[in-house]
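Trainee: Now for the letters of each chain:
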Amino acid sequence: MEADREQQIDELFHAALMRVPAERAAFLAEAGGDDEELRREVSSLLTAHEGADDFMEKPVMEAATRLLADNQARAIINQQIGHYKILKLLGAGGMGEVYLAEDTMLGRRVAVKLLPAHFTTDSERVRRFQREARSASALNHPNILTIHEIGQSDSTHFIATEFIDGVTLRERMNEVRLSLSESLDVAIQVASALAAAHEEGIVHRDIKPENIMLRRRDRIVKVLDFGLAKLTEQKVLTTDHEAATMQQLTTHPGVVMGTVAYMSPEQARGKEVDARTDIWSLGMVLYEMVAGRVPFEGAAQGDVIASILEKEPPPLIDAVANYPVISPDGKQIACHYWDEQANPRYGVMVFPFEGGQPTKRLKINPNTYGSATHWTPDGRALLYIDDHLANIWSQPVDGGKPMQLTNLQGDQIFRFDYSPDGKWLALARGRMTDDVILIRDFR
Amino acid sequence: MPLVYDDLRRLAHHYISRERPGHTLQTTALVNEAYLRLVNQKNVHWENRAQFFGLAAKLMRHILIDHARSLAYAKRGGGARKVSLDEAAILSSEQAADLIALDDALEKLAREFPRKCRIVELRYFGGMTVEEAAEVLQVSPVTVMRDWNVAKAWLHRELSHGS
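Protein sequences, first through last, are from chains A and B. Reading the first sequence from the start, the letters are residues 89 to 531 in our numbering. Reading the second sequence from the start, the letters are residues 4 to 166 in our numbering.
Just so you know, these hints were derived from the structure itself, not from any lab. Bear in mind the structure is a predicted one, so any value in this text is a computation, not a measurement. All C-beta atoms, glycine included, are put in the ideal place defined by N, C-alpha and C. Worth double-checking, as some hints may not be accurate.
Said to hold, decoys possible - Cβ pair distances, simulated, as ranges: (1) D107/B to L194/A: 51 to 59 Å; (2) S163/B to A113/A: 18 to 26 Å; (3) Q141/B to D123/A: 26 to 34 Å; (4) Q98/B to D505/A: 18 to 26 Å.
Using the sequences provided together with the hints, build the complete structure.
Mentor: In structure tokens form, the structure reads like this:
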């Protein structure tokens with residue numbers, strides 16, 4: 089159809105659309121002129137338009153994408169790579185997909201990571217990778233993921249490692265707010281892994297929550313991807329608009345942004361790294377576990393790097409939110425504290441509204457630092473969330489034993505409030521939830 | 004085309020496996036990322052993003068319709084191809100039939116109004132916004148909207164009176 093015709097139809101159609109439906113027929117008769125075919129065409133189009141409310145409103149791209157993804161997985165499932173039979177996809181990272189597989193010779197489950205094709209077309213990179221993998225596989229430590237084999241099947245390079253049934257530290261941090269004891273436990277195990285590797289002269293280079301796994305059954309930590317970080321060397325500082333575009337779309341963890349936050353100053357400068365780089369990165373991870381955020385943030389890669397190079401990390405005590413609360417009679421304030429010089433060193437302190445020295449220091453478990461505290465309406469006790477973030481407790485301000493008020497299982501509590509008449513407790517459970525639970529106080 | 008397909012395939016997989024329940028898939032982010040990765044490869048030359056997006060949308064359409072047709076074929080008893088549980092979840096046989104009809108109608112539309120057909124491809128199969136489609140086709144967003152309105156009406160009419 090000629091462009092003119094198309095344009096005529098378009099114009100007439102839209103002009104008619106501007107009129108209320110009842111007037112359209114009349115308008116068409118007038119504006120369509122002698123061209124009856126045109127009038128009829130536009131008229132039937134208008135009728136169709138009026139009946140097409142949600143026709144094609146939702147793009148089908150999601151279905152198409154699922155198909156694409158499905159095709160990829162199905163291509164590999166039940167195939168054999170080397171003597172490993174691929175069973176199912178476990179996850180995907182910057183360096184390829186990880187599958188659960190069965191070692192057909194030994195009859196045990198393993199994890200097989202397939203390296204993406206475009207990483208291995210560079211033979212120099214492949215050689216470097218093999219050298220690194222060889223030295224990393226010499227490491228034998230309970231907190232370092234054991235490498236069973238590296239190999240090649242057709243043009244696919246793979247790494248077979250022990251299979252860990254668990255979650256990454258990143259996934260865990262997305263689910264819950266880690267308690268202090270758990271954070272320390274994880275950090276100690278990672279440090280132990282690093283000590284072993286550093287003794288052999290191996291530096292990890294990419295310590296971050298995505299590379300730390302927690303085994304489900306015993307909470308043993310496994311550090312992943314030792315010696316493999318070099319394979320994914322990316323330019324850090326870019327000024328072209330493509331990099332800017334990349335930053336917009338990294339809402340998924342572990343892609344680009346995450347890596348930069350854990351970089352040591354020497355890494356950021358592109359200098360030689362050694363064991364100290366890993367220690368720095370571990371420090372970042374520990375900070376994030378405790379504070380709930382990384383010390384160096386920024387809107388773009390460049391900003392984060394500038395922070396790392398120029399700034400000091402904000403003191404933990406400031407990074408973790410502390411909620412001071414005023415007593416109902418307006419005379420006192422209570423808030424969490426952590427003071428090396430005080431006795432007890434951590435807890436909740438109560439001090440006069442006008443200021444001055446704390447009148448009371450109540451020892452409350454440090455794991456609750458940063459979570460909310462509330463006064464009871466009679467001003468005689470403080471309510472707080474317990475060690476495991478599971479229940480609400482009451483601590484009399486004048487001393488005396490704390491008392492458990494709720495008896496809940498399941499999701500953790502992050503926020504709560506107490507009604508002025510003292511009868512109701514409202515809780516928000518889970519990290520990202522719209523649900524509020526109301527409990528009648530059964531004291 | 005095969006190169007694009009491989010990368011898109013791998014990325015889609017990547018995105019799906021990271022998906023969290025309740026989060027909608029950001030499929031334009033997927034295509035964005037595919038483009039960036041391809042651009043970073045030395046042996047592929049993409050004159051512009053627009054060309055790439057246009058191609059990706061076409062690909063999506065092709066994959067979906069292909070799948071729909073093979074589902075319909077299998078249902079009629081043709082061929083021994085088994086439909087896995089996952090596949091079945093992607094398109095119901097009703098949806099498949101609808102898509103096939105739409106595809107046929109689109110072919111017809113392409114013969115009369117080629118640009119309108121492209122817009123449907125970009126928006127409906129490619130999930131693009133009006134602005135994105137405008138950039139790909141190098142027309143104004145208003146033109147895209149107007150074309151979209153007419154195209155929708157045209158297709159709806161075609162499908163309602165369909166054989």
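Trainee: Check the structure against each numbered hint from earlier and tell me which ones fail, lowest number first.
Mentor: 4
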